[in-house]
Amino acid sequence: MLTKHLLFILLILLSFSTLSAEMMPSGFFQTLWGASLESLNPAASEYTALETRLQLRLEHLGEIGEFFGRIDFLHDSYLNSSGRVDLREGYAKFPIGDKLDFKIGRQIITWGTGDLLFINDVFAKDYLSFFIGRDDQYLKAPQNSLKADFYNSKFNLTFVWTPKFTPNDFPIGQRLSFYSSQDNAIVGNLGELNFLRPEPTLKNSEIAFRLSKQIGNFSNCFYFYEGFYKNPVGAVIIDSALVPTFPKLRVMGGSIRGMISGGIFWFEGGYYDTRDENRGQNPLLINSSTRFMTGYEKQILSGLTMNLQYFANIMSDYDSYRQQAEARGGYVREKRRDLITSRISRLFYSDLVEFLSVIFYSPSEKDYYLRFYLSYSYSDELNLSSGGNIFGGDKIGSEFGQFGLNDNLYVKLTYGF
Amino acid sequence: MPNYIKVMQLPILLLTLLSMLSVKSSAQDALTAQEVMMKSHLAYYYSGNDGVSNVKMSIINKRGKERVREFVMLRLDKEEAGKQFYYIYFKTPSDVSRMTFMVHKDPSENDARWIYIPSIDLIKPISADDKNSSFVNSDFSYEDISGRHPDEDNHSFAESNETDSMSFVIESSSKEKYKGFARKVSYIDRNSFLPLRELYYNRKGVLIKEFTAEEIEEIDGIKTITVRKMTNHKKSSHTLVTMSSIKYNIGLTEEIFTERYLKNPPRKFMK
Chain A
1 MLTKHLLFIL LILLSFSTLS AEMMPSGFFQ TLWGASLESL NPAASEYTAL ETRLQLRLEH
61 LGEIGEFFGR IDFLHDSYLN SSGRVDLREG YAKFPIGDKL DFKIGRQIIT WGTGDLLFIN
121 DVFAKDYLSF FIGRDDQYLK APQNSLKADF YNSKFNLTFV WTPKFTPNDF PIGQRLSFYS
181 SQDNAIVGNL GELNFLRPEP TLKNSEIAFR LSKQIGNFSN CFYFYEGFYK NPVGAVIIDS
241 ALVPTFPKLR VMGGSIRGMI SGGIFWFEGG YYDTRDENRG QNPLLINSST RFMTGYEKQI
301 LSGLTMNLQY FANIMSDYDS YRQQAEARGG YVREKRRDLI TSRISRLFYS DLVEFLSVIF
361 YSPSEKDYYL RFYLSYSYSD ELNLSSGGNI FGGDKIGSEF GQFGLNDNLY VKLTYGF
Chain B
1001 MPNYIKVMQL PILLLTLLSM LSVKSSAQDA LTAQEVMMKS HLAYYYSGND GVSNVKMSII
1061 NKRGKERVRE FVMLRLDKEE AGKQFYYIYF KTPSDVSRMT FMVHKDPSEN DARWIYIPSI
1121 DLIKPISADD KNSSFVNSDF SYEDISGRHP DEDNHSFAES NETDSMSFVI ESSSKEKYKG
1181 FARKVSYIDR NSFLPLRELY YNRKGVLIKE FTAEEIEEID GIKTITVRKM TNHKKSSHTL
1241 VTMSSIKYNI GLTEEIFTER YLKNPPRKFM K
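Protein chains in written order, with the working numbering: chain A, 1 to 417; chain B, 1001 to 1271.
One chain only, chain A, in its complex shape (with noise of 0.2 Å):
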């Protein structure tokens, strides 16, 4: 079925390419192969990922807007059919008056001051990919949302609404495992999970604000988010069986941002408040907690670039959590957990070969996630890169400790028209 599609769309290609070079859509082809680096891993598979995809870009711009589309082909060998298409976003943009701009539609909304972290920014976002090797771009997952943006010469002002829930993708057991409270082990190939998701009610969409001023060179802003969280910290007993849920959620927060002695600086702050958590009481619930990170990024020198940051999660009524996670047995958190990250970003060979690594590494949990890759552009068009995935940890109940299994090294082959 796919494979017609594809026939049609690269037909259409052609049809296009003959009328006008203007109307040629962009786009890249890309093939990645993941491989697991422990036998032991009870994920479903040894590969991580098994993949070729063509993305399609479309752009229309007309006078009083603009569409952008773009759609991703993929074939995957985890999926049951032989493929899927994925509109990774397509919306429409346009101005009212001078000072209010929409979008509207299927897009990837971004905000908040870290690297790879995030405080304020409680949009979807897609672990698995990000944990797999796919291209950056795919950590952040589409949603369908409305977004107006108010410009005035004193403050900007940005609404998101989206009518319906929309979660993270994050490691289900399939290629990657995870630890499972309920077993107190690191479980995988569990087949098809459970969530009970937020009905998709008015009541139960999601809104976000962002107010933000520039002031010299320096970008405030306060944030506003109602909604859930994002990955299922929840539990609701159904006939006497724990189903994972995605609990009520409210965000307040602020950041600031700009430019120290030539680097950049950024300190960001939020207040995740689990709206349905009575003091820690509810032992199916995640509790409250204050989360701040504060980093500094650098061009050491030309083609060199550093960065360190630091991240923290401290636990609302870290007392009673204790007591109930104690009485249950298994993974007991810190109450404050820790987190630094440095990246280095390292550009050889008159730029055209690529090193990075990001590196998490959390003092109070004893766990890390080395994450690394090389990329070399043969040309404009074709780049090939290869790099892995490392996770380790002393617990197997926290957040890097439970994938330790999950190491994997992957190659990527891009072409981009």
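No wet-lab data here; the hints were simulated from the structure.
Check the hints yourself; a few may be wrong.
Claimed, not checked - With a straight-line Cα cutoff of 20 Å, these simulated DMTMM-like cross-link-like pairs (lysine to aspartate or glutamate) come out:
no., chain 1, residue 1, chain 2, residue 2
1, B, LYS1271, A, GLU66
2, B, LYS1065, B, ASP1095
3, B, LYS1179, A, ASP351
4, B, LYS1056, B, GLU1217
5, B, LYS1065, A, ASP380
6, B, LYS1271, A, GLU63
7, A, LYS213, B, GLU1254
8, B, LYS1091, B, ASP1121
9, B, LYS1263, A, GLU63
10, B, LYS1091, A, GLU66
11, A, LYS147, A, ASP101
12, B, LYS1124, A, GLU297
13, B, LYS1235, A, GLU354
14, A, LYS213, B, GLU1255
15, A, LYS154, B, GLU1254
16, B, LYS1062, A, ASP380
17, A, LYS99, B, GLU1254
18, A, LYS298, B, GLU1109
19, A, LYS93, B, ASP1121
20, B, LYS1091, A, ASP380
21, A, LYS213, B, ASP1121
22, B, LYS1065, A, ASP351
23, B, LYS1235, B, GLU1210
24, B, LYS1124, A, GLU354
25, B, LYS1268, A, ASP98
26, B, LYS1271, A, GLU59
27, B, LYS1131, A, ASP351
Dock chain B against the given chain A, drawing on the hints supplied.
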């Protein structure tokens, strides 16, 4: 009596006029090297109040392999030889297509730079300590694109300045230690003040980089280098920049150079 005064005054008036003229022409001759470099800086980097152009950058390495970057560049001057705004919208290659890049240039301190990556809706400020780093992997540095303020270097006329009827020949040396060059020889057109050729030497006196103006056209009454070339003698590579659809004084405002337009390219100025 009044007539007499008038007759007496005439030669004085003439003399005064003549002397004024001669002062003016000798002032033209007596431009200092510093003044020539400042005029050149303004003619090259600050022409008009603002401008737009389509830029094609061909980067050719020592094996002759070519890479091409195409983008639209907008510029607005806030002060002559001072603060400037730059905006770049990338068209090709595919991996950078639709990205935008913005610079708030301030010669008295570090530039502020931002990049917007539309595929993840991310605005990222870029650490901008090293103005000598390569611009989009080409042989041009950031500073070659947006200009190095003449006050950062000492300038003097070279010996050949006397015999060169077409260009001023100026020797420059950086006041503070600078990675871009230790010594530079510039050939500045005597009429348009555009740089025709620049030779960059390192501390050992080795020629490392060479700039040449390949084509000059008059656009909206402003002499403009439309084809320029930078040769990197260390890497044996060169970059050819061809500018087309150039327009000056199109009415850009500071508002264009903000986050709003970084995310929403100002199409009406980019046709």
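Is LYS1271/B within 20 Å of GLU59/A, Cα to Cα?
holds, 15 Å
Given the hint that LYS1263/B pairs with GLU63/A, test it: the Cα-Cα distance must not exceed 20 Å.
Holds, because 18 Å separates the two Cα atoms, which is no more than 20 Å.
LYS1124/B and GLU297/A: Cα distance at most 20 Å?
With Cα atoms ~11 Å apart, LYS1124/B and GLU297/A stay inside 20 Å; holds.
20 Å limit on alpha-carbon distance, applied to hinted pair LYS1124/B and GLU354/A
holds, 19 Å
For a C-alpha distance cap of 20 Å, please report whether LYS154/A and GLU1254/B respect it.
Cα-Cα ~14 Å, so holds.
Regarding the pair LYS1131/B and ASP351/A, is the alpha-carbon distance no greater than 20 Å?
holds, 16 Å
Quickly compare the C-alpha distance for LYS1235/B and GLU1210/B to 20 Å and report which way the hint goes.
holds, 12 Å
Do the alpha carbons of LYS1235/B and GLU354/A lie within 20 Å of each other, as the hint requires?
Between LYS1235/B and GLU354/A the Cα gap is close to 18 Å, so the pair holds against 20 Å.
LYS1179/B and ASP351/A were given as a pair; does the straight-line alpha-carbon distance stay at or below 20 Å?
Holds. LYS1179/B to ASP351/A sits at ~18 Å (cutoff 20 Å).
Can the restraint linking LYS213/A and GLU1254/B be considered satisfied, given a maximum Cα separation of 20 Å?
Holds: LYS213/A and GLU1254/B sit about 16 Å apart, inside 20 Å.
Is the hinted pair LYS1065/B and ASP380/A satisfied, with a Cα-Cα distance of at most 20 Å?
Between LYS1065/B and ASP380/A the Cα gap is close to 10 Å, so the pair holds against 20 Å.
Would the pair LYS1268/B and ASP98/A pass a check requiring their Cα atoms to be no farther apart than 20 Å?
With Cα atoms ~14 Å apart, LYS1268/B and ASP98/A stay inside 20 Å; holds.
No hint from the list above goes unmet by this structure.
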